[in-house]
Amino acid sequence: MHRTYVKVLEDVLDANGTIAAANRADFDRADVTAVNLMSAPGAGKTTLLERSLRWLEGVRVGVLEGDVASTLDADRIAHLHVPVVQIDTDPGFGGECHLDANMVRSALPSLPLDELDLLVIENVGNLVCPAEFRVGEHHRVMVSSVAEGEDKPLKYPLMFRACELVLVNKIDLLPHLDFDLDRYLQNLDAVHPGVERLLVSAKTGEGVEAWREWLVRAATREAVPA
Amino acid sequence: MHELSLASAIVDTVERHAEGRPVRAISLRVGALRQVVPESLEFYVEIVGRDTVCEGARLELEVVPALLACCGVEWEPPSFRCPRCGGGGKVVAGDEFMVESIDVGGRSTEPNRPKEDAACIART
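Residue numbers (the numbering used here), protein chains in the order written: chain S, 1 to 226; chain H, 1 to 124.
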């Protein structure tokens, strides 16, 4: 049987990349720095944002909340009196386990981009898919909690390699866990040598100031590598 | 779940290039660093591809091993750290995720027809 080949030679995620570039252009036009915050479910993304976005000196912040369902996280962020938009992937996006560029694009008209300096995009909790889908962000940051175990960088290298900053959260739990922090950091360096990391506790506030300073630098586009 | 999202992206890509012709085979290059489970990807392409030009298409998947380079040496993961300088290696291979080609030739409208059937029909 004869075969008719059509050459495609196209990256599978090209279509997403095109929309991500359009989002990025919108962010740049409005002079907004976009940070894509990723983690496993329950790593503490929202709690960390509650801790860190309050009184962020001189920086006007907005938040885009990604979840499969519910507005629980958006409600929590709304208490900070910052503009927040919830994207639920369940209705309309097939319950996707991550945000993609198109979902973010659909939410942009609801955000006052011209009045913002920083947009934090809190991705759906998942250690795999969000790493594959760029949404137009300038920076990718992940939260990795010590409760998840020290082997996670080795198991999910795609995610740990995708981000430029790792927030090692829940360090207040270290005395109660069989978690070897040195081994974790070795594992992190094995998959992403030299990646910037901050040890934080969203609960006690330890280390959060350094993360806030990172956000301010990112928002003012100073000294944070793009 | 990862593979489901990627399967949708594959089917979208193929649909744009097939121009309505039924697709017999999809040739795909996937780097080992993409953490894709081939069986899972095949399963989801079959499901997502239903009622599209991809219905019944065979997935020809080539997994490209990961290779890193730094300081004139090349090595394979799991470590991404250069054995000489300790820095991060550059990914030489293993990052790809590309639809290379599709086969849109000579398939009847019935998907996945076994070869024997095709031969039977040819004889009649």
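There could be a bad hint or two in this list.
[Said to hold, decoys possible] Have a look at the derived ranges for each label pair, beta carbon to beta carbon:
1. S:203 to H:63: 15 to 25 Å
2. S:210 to H:19: 32 to 42 Å
3. S:72 to H:69: 43 to 53 Å
4. S:185 to H:95: 17 to 27 Å
5. S:21 to H:83: 35 to 45 Å
6. H:83 to S:182: 38 to 48 Å
7. H:40 to S:70: 25 to 35 Å
Everything labelled a hint here was simulated from the structure, so no lab data went into it.
Cβ coordinates follow ideal geometry from the N, Cα and C atoms, glycine included.
Against the structure, the hints:
{"no.": "1", "hint": "S:203 to H:63: 15 to 25 Å", "in the structure": "violated (42 Å)"}
{"no.": "2", "hint": "S:210 to H:19: 32 to 42 Å", "in the structure": "violated (54 Å)"}
{"no.": "3", "hint": "S:72 to H:69: 43 to 53 Å", "in the structure": "holds (45 Å)"}
{"no.": "4", "hint": "S:185 to H:95: 17 to 27 Å", "in the structure": "holds (25 Å)"}
{"no.": "5", "hint": "S:21 to H:83: 35 to 45 Å", "in the structure": "holds (36 Å)"}
{"no.": "6", "hint": "H:83 to S:182: 38 to 48 Å", "in the structure": "violated (21 Å)"}
{"no.": "7", "hint": "H:40 to S:70: 25 to 35 Å", "in the structure": "holds (28 Å)"}
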